[in-house]
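The primary structure of each chain is shown beneath.
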Amino acid sequence: MSAAALERQIRPIYDAIDTGSNKSAIVGCNKLLKKYPKNDLLKALKALALVRSQKVEESLVFCEEVLASKPTDDATLTAMMHVLRHLGRHADTVTMFEDALKRQPGNEELAMQTFFANVRTGNWKAGQQLATKLHKQFHADRYTYWSIMCAVLQASDSTTPANMRDLLFKLAHRLVTSAWNFTELHADRLYLHVSILKALNLYDDAQTLLESEQGQAICSRSLACDELRREIWKAKGLLQEEGKIAEERIVEKRDRNWLEFLSFLDATVPPSPQSASNGTGLSTYEETPQRIIHAREVLTNVAEKDGTRDRSGLLALLELEQRVRAHSLSSEPSRLVDLLLQYFETFGDKAACYEDLKPYITLDAEELSRWTSYLDGLPRSSSTLSSLQRLINIYKLTRYNLPTSELTVELEVPRATKLVQEYLDALPLGKDLPNTELQPADDLAILAGQVYAGLYSLAGDEAYLHNAVAVLEFASKRSPQSYLIHLQLVRILRLLGAPQPALEHYRLLNVKQVQNDTLSHYVLNRASSFSLAATGDLTYASECLESSQIYISNSQEVKIGNSQPASRRANVRQTAEFIVRAFTGEKYSQIPDFISFEDRLDNSLQRDLVKMEHVRMRITHEPINSELINLELIELKFIFDRFHHDNRDFEILPKYQPHGQPSFLTQTTLLGKQPSLGWLWVFLKIYIKALQQASDMDYSLEEKLLIGDRPKQSAASDIHIPMEERLDSRRPEELAELTADELTFYNFTTDLADWLAPYHNHTRPPPSVALAEATKQLESKSGLPPKAVEAPASNGTGNGHVKKAEDAPPVKEGPASIVGFFDHMHKRFDALVESNGSLPEILHVASLAQEALLLFSIETLRFKNASLVKIHKLGALVQNIKTIRSSALAVVGEIGAELIKIGESEGTSEKRRAFVSQCEPFLSDLGVSDSRHIPREATLTGALQITHGDVLDVAKKVTDARKKAAEGFGKGIGRVCAAHA
Amino acid sequence: MSIIRPFRATDLFTFNNINLDLWTETYGISFYLTYLARWPDLCCVQAAPTGPLMGYILGKAEGTSTDFHGHITALTVAPEFRRLGLARSMIAFLERASDDTYGGFFVDLYVRCTNAVGISLYEGLGYSVYRRVREYYGSLGLGPGGKDEEDAFDMRKPLSRDPHRRSVRPNGRDMIVSAHDVS
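In order, the protein sequence lines correspond to chains A and B. Per this note's numbering, the first sequence starts with residue 20, numbered consecutively. Per this note's numbering, the second sequence starts with residue 514, numbered consecutively.
Accuracy of the hints is not assured; some may be wrong.
Stated by the list, open to error - One side of the interface only, derived from the structure: several residues of chain A facing chain B at Cβ under 8 Å:
| id | residue |
| --- | --- |
| 1 | Arg240 |
| 2 | Ser241 |
| 3 | Asn276 |
| 4 | Asp375 |
| 5 | Gln534 |
| 6 | Arg600 |
| 7 | Lys606 |
| 8 | Phe616 |
| 9 | Glu670 |
| 10 | Leu757 |
| 11 | Ala998 |
What the hints assert, rightly or not - Here chain A is said to cover these stretches of chain B; the calculated rule only asks that three of the stretch's residues, wherever they fall, bring their Cβ under 8 Å from a Cβ of chain A:
| id | region |
| --- | --- |
| 12 | 525 to 531 |
| 13 | 590 to 602 |
| 14 | 608 to 616 |
| 15 | 635 to 649 |
Source of the hints: derived by calculation from the structure; they are not laboratory data. All C-beta atoms in this analysis are idealised placements derived from N, C-alpha and C, irrespective of residue type, glycine included.
Could you build the full structure based on these sequences and the hints that come with them?
Dropping the structure here:
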């Protein structure tokens, strides 16, 4: 049959793959493979269809065959590229293309693909050399720029030694100087050129380039280049020149970019005297007074001309005054407050007013009293949108300057009640808005919520949190789209131990895509103590998986064997594709950003905090066996090698607490401690240590189970320290992130691991045995005939390489601290319950006790094997383990039973009644019986009311959720105890 | 007090205050990177000097010959920074780039027919309705606004390369096309 006929027959296979019908693609391939058993393209397509139907092991067979035949045709290479990308074998992709290129050195397309393969793996060095070759051979300008870009990227890579960096930048400089074309207007090439000059501190050259006609033309229309220009000017101390350019842009072109105003102000007077002495402003210091007068004139003019259309002029006048005062050059002390008043007059009805003025309202006593009495004297009304916004701003601004002496329960309670009243009075203004719009009065409810949170942290009384929830739930019904209200509710409901409604509000935010990375911490922080996974309710566990999808769909994921859940297998490095696109389109300014974006997402702290929480949930409901132990061990060890970035968004919650006070965010932090890198590190150490002892795996076995490339090692500072040492290290900054109970738990796990280590090391089978076992398992899954396994040469290092000839180490009693831990937790728990501690705290202690039991199970799993115990004569050890286990089970079981009792006491009508009566200050109707007679919606004035019925609904929701949280966790503990008895 | 600067990939980590708003869609990462990898000079953000983002615009250049134009794909401002003229200045930025850098004939954008505030804003900036696109916003279905809710106006503003204003027409509201006919 001819090639054309074959092509015609292959077409349906492509179509099937494109439409996701992998099954029919496989059938098609099988049919054709009978006729053409040696056809690489068919094998590659079959491998692709297999890998896309999650049949990794089967796919590997075809993959290896095709790779071994060293294909060169475009179609096969493309198909293989997709297969390897799915498998995470980027290094093999590079090799494949390089081999093909060696056979067809004149193929430009192939050369480009090889270049891109290197780009995808971040192999800048090879990329640079290849691009240089491409340029020599095919003479296109862009290949030179590719090689320049690669040199810059290699220089900027954190793994590149410092002495190499300079050399690489110099190489890039030499290349760009000779390639530079003085007539073309290519913004991204200019960007690349200038950033190289900047890296080499060749500011004069950069200035010349930027001041040329070419440079000016490009900067006038490229924000990126102009940004770079500004940095160079600043670095060169060209403040005056920059100020002149900015003035011209402000006055003549009416440019209102705040950066221009900043440049103009920097040329007038530096932000503070310190910055003046560092910079070059000093030489012209005598002229400063004249410059200030001039700047004032210019800016006053701008402010007058712009009126209410743009606030930059007035804000720049404020900034100027602030700076003048910092230099003690102020001639009219009243001017700052004058300007504040003028600003409020003009822009007081804008929502941004508060954020705009915040930097300027830290005033001395006299000014403060003038400013405050001005705000106090303003008419307060919420009859129009504009007056309502002014009212809101008055409240926010006044609150900002409340002194600590006025932050007492007696004064704050009426403030909160007043805000609720103002909120209700203002609601009618938005009554005709569709519910897709935000209510103009929302901010008053949000403010009230913050005042109540402040009261809670002041007095420690949950009643204030109940107030906050009642008001915010009411506001959320009026303004269902207000994300700030939802977020505040999430914070407060979690603080109240009501995880279910918290999660519901979080879900209403409709968090999607990359937002999962930055926002999921609001609901998944320490979520394992709210998880009811042990009872079979996987709500939180699946929330963890769902929020982690974004990392998997975006990044290189390392897959381990067939037992990895399907959801974790997708393996397309999206971002790498866009780096390739940016090369193709010569958008060099974007490439470093894309790389840093990918790095921050791949090595996101939140990603691994969620992973850790998920592991903690997982072990409560899944049987603990070698498969779970090995898989989690590999994953956690990878995480242990990462250099993390914290992308969590803590800024989104508004800060309306008085100046100098803890923010709402801090006041509503669960258990008062925010888990971060230190917390993650401690828990990684705890789990890696326990899993490693329980596992039979060593490095060679890991390699065997690993299909994709190992993740790129980051430049973390202690990566070169041996694993054991890293696991044993304890750093104060890490411990500082733990709660007292977590610290106790950490000590327990360390003592446990230290005690059992010698017996694990003695009894662990040699790696060859473990490897053979794992291979057998893998093959039984892929249904393929077993392959010969090479036993790794034993080199006497690492896990499991302990000589077996000696006698077992003498059995020592488990240290008292292990049994003591469970007794201690029991006491802690009882004390909390007696002192009416908060539910999250009670759950925290209970979950740590349960976790200790589970880790004890992991650590002692090996010694459940009776024949092993017999061979090594460890009967005494097993006896000891049994004693400890039974006392641990007793304690944890009692805690669980106790929790169920706590749950029963929640969700009762007394609890609901108490909740409602705490909210009386802002209820319209005080008795249950009255509520039916008062119209629910509006009174004569048209104002809305929060009724008894509204609050009762909220009370029910909260108390039911608390009941479920306590009872559910208690029952879960019961199950865990039964499973690990 | 708003800084205009390029939209960077890492801004995706901080745009929550803008994107949690109901009317601002959060797309997959590839959506944003597609724009940045091709038309970085048609994308920018406005940020407060202390860092928080206030709004952003994403645009592209498309079409051939006299249809070559700048297109506003996404324009959004966080609720607390509205009514400050931010949208105006970002549109001006995109128009300038479409004109100077790309040499487009016009700039166009789509707006829900019910969005009276938006339409009057754009009209104030020199845009006029070129055609009405049926069922452009299909996903929400028929809301209280009926057909107006799911139909879009394609609004255009001629640039300096179109001095005779050939890219606009006076009776655009009556010119109806279906969503399949537009890109």
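(message) Quick check on the hint: Asp375 (chain A) CB to chain B CB, less than 8 Å?
(response) holds (6 Å)
(request) Let me know if the C-beta of Arg240 (chain A) comes in closer than 8 Å to any C-beta of chain B, holds or violated. (result) It holds, given that the least Cβ distance between Arg240 (chain A) and chain B is near 5 Å, below 8 Å.
(message) Take the shortest C-beta to C-beta distance between Lys606 (chain A) and chain B; is it under 8 Å?
(response) holds (6 Å)
(request) State whether the coverage of the region 590 to 602 of chain B by chain A holds or is violated, taking the criterion as 3 or more residues with Cβ-Cβ distances under 8 Å. (result) holds (count 8)
(request) With chain B as the partner, please determine if Ser241 (chain A) meets the hint condition of a C-beta pair closer than 8 Å. (result) Because about 6 Å separates Ser241 (chain A) from the closest Cβ in chain B, which is inside the 8 Å limit, the hint holds.
(message) At least three residues with a C-beta closer than 8 Å to a C-beta of chain A: is that true for the region 635 to 649 of chain B?
(response) Result for this restraint: violated, n = 0.
(request) So, Glu670 (chain A) near chain B? Judge it on the closest CB pair being under 8 Å. (result) Glu670 (chain A) check passes; min Cβ-Cβ to chain B is 6 Å, inside 8 Å.
(message) Checking hints one by one. Is Arg600 (chain A) an interface residue toward chain B, by the C-beta closer than 8 Å rule?
(response) Holds: closest Cβ of chain B sits about 4 Å from Arg600 (chain A), inside 8 Å.
(request) For the hint on Ala998 (chain A), just tell me whether its beta-carbon gets within less than 8 Å of chain B. (result) Given a least distance of 40 Å, the restraint on Ala998 (chain A) is violated.
(message) Take the shortest C-beta to C-beta distance between Gln534 (chain A) and chain B; is it under 8 Å?
(response) holds (6 Å)
(message) Using C-beta distances, would you say chain A covers the region 608 to 616 of chain B, given that this needs three or more residues below 8 Å?
(response) Answer holds; 4 residues pass the 8 Å Cβ test.
(message) Let's test the interface hint: is any C-beta of chain B closer than 8 Å to that of Leu757 (chain A)?
(response) Hint on Leu757 (chain A): violated, closest Cβ of chain B at ~27 Å, above 8 Å.
Hints 10, 11 and 15, counting from the list given before, are not met by this structure.
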